[in-house]
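For reference, the chains in residue letters:
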Amino acid sequence: DARVTQTPRDKVTEMGQEVTMRCQPILGHNTVFWYRQTMMQGLELLAYFRNRAPLDDSGMPKDRFSAEMPDATLATLKIQPSEPRDSAVYFCASGLGDTQYFGPGTRLTVL
Amino acid sequence: SQQGEEDPQALSIQEGENATMNCSYKTSINNLQWYRQNSGRGLVHLILIRSNEREKHSGRLRVTLDTSKKSSSLLITASRAADTASYFCATAWANSGNTPLVFGKGTRLSVIA
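Here the protein sequences come in this chain order: L and R.
To get the working numbering, take the position in the first sequence, counting from 1, and add 115.
To get the working numbering, take the position in the second sequence, counting from 1, and add 1.
Keep in mind that the hints are not guaranteed to be accurate.
[Unchecked claim] List time: in silico DSS-like cross-link candidates among lysine-lysine, alpha-carbon distance up to 27 Å:
#: 1; chain 1: L; residue 1: Lys193; chain 2: L; residue 2: Lys177
#: 2; chain 1: R; residue 1: Lys57; chain 2: R; residue 2: Lys27
#: 3; chain 1: R; residue 1: Lys70; chain 2: R; residue 2: Lys106
#: 4; chain 1: L; residue 1: Lys193; chain 2: R; residue 2: Lys106
#: 5; chain 1: R; residue 1: Lys27; chain 2: R; residue 2: Lys106
#: 6; chain 1: R; residue 1: Lys106; chain 2: L; residue 2: Lys177
#: 7; chain 1: R; residue 1: Lys70; chain 2: R; residue 2: Lys57
#: 8; chain 1: R; residue 1: Lys106; chain 2: L; residue 2: Lys126
#: 9; chain 1: R; residue 1: Lys71; chain 2: R; residue 2: Lys27
Derived from the structure by calculation, the hints contain no laboratory data.
Pulled out of the complex, with its shape left as it was, chain L reads as follows:
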């Protein structure tokens, strides 16, 4: 089965450090989404791309977060500098039609 993969699965870091999360979407999917899940806020959209072009990143704190798609097989989400409030599970999802396929997530803990 084709799956979305994400690395790392878990990341513990100290406040102020840079964090990079990677996602490999399902081959052939033209849309990639980044979501963040916390207990308080639930699942929130951070950014999404279609055909590698960013369409909406209004959900991201612009001063510290950045999302890119260097090529069709890789999406990255960077946080610099990280803060304790960034602790959450970050999901990547990809899709071609209306259904989205989620990766296993990266659990980020910022101390």
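For this one, chain L is given, so just place chain R on it according to the hints.
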């Protein structure tokens, strides 16, 4: 916000019973989807119902959609312990395809063997 809201927040039933979860949303939608999330894992797509559909079935799942009331329900029949998970409804913006989903807070279902 057109965020969906699931009801109840938590549900505990015995194996073999049916589980019903409800979702309400606020604005016009293109489609509504239900996802399942097992603890510590990613979301798995269960079923999609379009705005012009009223009911849809998939195995033990039955989804209804009432656009006049802006509500949907997910019924799981003959529940199993393996159905224990959180269930989320998600809405997609009207008149757009493959757009971001807006998720509710979810219903935590516990099926007791």
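Verification of the supplied hints:
For the hint linking Lys193/L to Lys177/L, the alpha-carbon distance of about 11 Å falls within 27 Å, and the restraint holds. For the given pair, Lys57/R sits about 21 Å from Lys27/R by alpha-carbon distance, which is consistent with the 27 Å threshold. For the given pair, Lys70/R sits about 19 Å from Lys106/R by alpha-carbon distance, which is consistent with the 27 Å threshold. A threshold of 27 Å between alpha carbons decides the hint, and for Lys193/L with Lys106/R the separation of about 26 Å falls inside it, so the pair holds.
With a C-alpha separation of about 14 Å, the suggested pair Lys27/R and Lys106/R falls inside the 27 Å cut-off, and the hint holds. As the CA atoms of Lys106/R and Lys177/L are separated by approximately 25 Å, the hinted pair is consistent with the 27 Å bound. A C-alpha spacing of about 17 Å is found between Lys70/R and Lys57/R, which places the hinted pair at or below 27 Å, so the restraint holds. Only pairs whose Cα atoms come within 27 Å are accepted, and Lys106/R paired with Lys126/L is accepted, the gap being roughly 24 Å.
Straight-line distance between C-alpha atoms of Lys71/R and Lys27/R comes to about 7 Å, which keeps the hinted pair within the 27 Å bound.
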